[in-house]
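Student: The lines below spell out each chain.
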Amino acid sequence: MNSTRRNFLKASAALGAACSVGFPDIWIKNASLAHAAGGEVKVGILYSLTGTTAIIEKSLNQACLMAIEEINAAGGINGMQIKPVVEDPASDPATFAEKARKLVLGDKCVSLFGSYTSASRKAVLPVVEKYHNLYWYPTLYEGRECSQNVIYTGAVPNQQQQDFVPWLVKNFGKKFYLIGSNYIYPKEENNVCKILLKRLGGEVVGEEYVPLGHSEFSSVIQKIKDTQPNVIFSTVVGDSVVALHRQYKAAGLDPAKMPMASLTTSEEEIAAMGGEFAEGHFTSAPYFMSYDSPENQKFVAAFKKKYGPDKVTNFVSEPAYFQVYLFKQAVEKLGGKDITPPEIRKASWDQEFKAPQGVVKIDPKNSHTYLWPKIGEAQRNGQFKIIEQSKESIEPKPYWAYPGQVCTPEGLKQA
Amino acid sequence: MSDILNQVFTGLSLASILLLVSLGLAIIYGTMGVINLAHGEFVMLGAYTVWFLQKNFGLDLLPCLVVSFFAVAAAGWLIERLIVRHLYKRPLDTILATWGVSVILQQGIRLTAGAELRYVKMPGWLSNAVPVLGVEVSAYRIFIFVLTLLLLAATYLLFARTRYGFSLRAVTQNQEVSRCFGINAARVYSLTFAYGAGLAGVAGALIAPLKSVSPDMGTGAVIDAFMVVVMGGVASLMGTVASAAIIGQVSGLLAFVYNDTVAKALVFFGVVILIRFMPEGIFSVRVRRG
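Keeping their order, the protein sequence lines are chains A and B. Residue numbers for the first sequence, in the numbering used here: 6 to 420. Residue numbers for the second sequence, in the numbering used here: 3 to 292.
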């Protein structure tokens, strides 16, 4: 016990000495700011490889690393290679924060790519904000965030819904039943849906939230039968999606008359429930694996070649892929200048890239991304048939449902 | 009228799934006094057995049910032999040991079968709804209901009418005395544990096509099962049936009037109040225990 304490004291004394020697310029400028140096650009990769969300996050990790490999093979950024430092935050928000701190302070990465859940992003936020680093977040999420240290490349509610809801009303009718898992994301999405419906003269005949992991939908289905909506608007997530679709069909409901319209059902969930249960239901997302574009064919082929022929790409792994290219273009633009996270952020604004889903662009107003929402109808073979797609890329509005609040480059403003 | 019928059918379906999942636990807990926290993982193993058989041999659900029973029963028998057997005199330690077993099984499946959700096929002839008394009811839910009744009847006959059941009741009442009469108590316990595990396996196989198959699907199942067994009274099969029926109907009704989140909380609240005033459950049977 004594010896450990002595060692500890010694170690901390040494650390203190190292600090005072190591950072002589601490008074001159913000020394904790990371730089790129030595012919390489170091970035942190922060997707869980173990734990509850590992399956999906592993596909994000793979898509991200594939992009880095492609960029390096093509000559890197202005002759510099991107060097990824991969950490496993184990699906645990506290570990996310700890690993982010290590990547920022220890490895001096100039940007981090990571996170699937909002909880993990919220855990990393204080770290990147404190040390002025930059976090690239690929997942669709609920909006209402305006950090100066995050680049958001996934969809926010207005992007997934502003074409989708009118299309549903036009094709199926005005009565909606809202069903979601019981946490923040479905509630924010439903807020947006209710506002859109009100404008269109629609009606919410039921709104229901089930516990995460819930798998018994008989009561919900009975209420749906009772209220006879035209559309079941679903933001249920995870294994509940599978149970809901199966029990929907088993109860004798018909997608041709009362389809489920989802923002969260992807090719992955359909593989687990079986195509016969997904057939005829709709999802709105900026990307589907079946989307026909040369960029997407290349992306899917490369992904399968690298990771196996049975692998699927989805609407989260695609942004995890293209955001690395946006990062590359931003660093390229800096040219010979200092490569620091705040400079990368400014250089990333207005960057355009021909992604698998279409040409995406980072909005300088709020560091979110212009995307190409599509409406897909699930097929028996597990893929989506794309029914509609927007004519132009749709502007991200993270505070769409909150008039009076605007996200600006300087942070959130009350109008 | 059709509203009430709908509600009753929903409740019956919920009750039959609850009973199905808790039957095995009721037997192990009720006769052996072992609090088996690995019960949910037996359910999970049953579901994965079906997935494995369908994926590799393309079997239909019905033969899978039989294989699931024997496969999970074998796993249960092994666990009883290796671990539970040595802890009969230390009931509190069995909680920790079986919980450990559940963690091992869950992670073992995660490592071997993978963490992703798995697809189990529902038989085509059961995947739609059929009209019953003018109400559309899911054919598969009726199938579960009927099979649960059959399993219940089989279990009753096994306990009441066979030599093994007779031995088990004797051992449950007084182990030493029954040993003196030439009953191999250790063997009876092994078989009972295996039978309870097998029932859990069938339960997992049956709910797999209706819900989703994942390594942690047993966690929710074990909670439901304990709630049913504790409320029903640990030593009574009829108590388990009654308690599953009550909980099924009540939670169906509450979920319809409010929502599933509220229903879950209120049902738990009700069970807590109930066991505060009826610690033995609603159907306590007074037996002498040795």
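If you're looking for bench data, these hints aren't it; they were derived computationally from the structure. Just so you know, not all the hints are guaranteed correct.
What the hints assert, rightly or not - Below, in silico cross-link-like pairs of lysine-lysine (DSSO-like), each with a Cα-Cα straight-line distance of 30 Å or less: (1) B/Lys-57 with A/Lys-309; (2) A/Lys-63 with B/Lys-123; (3) A/Lys-228 with A/Lys-303; (4) B/Lys-266 with A/Lys-228; (5) A/Lys-342 with A/Lys-309; (6) A/Lys-135 with A/Lys-107; (7) A/Lys-262 with B/Lys-123.
These figures come from a predicted structure and were not determined experimentally.
Student: Please list, smallest to largest, the hint numbers that this structure does not respect.
Tutor: Hints 3, 5 are the ones this structure does not satisfy, whereas the remaining hints hold.
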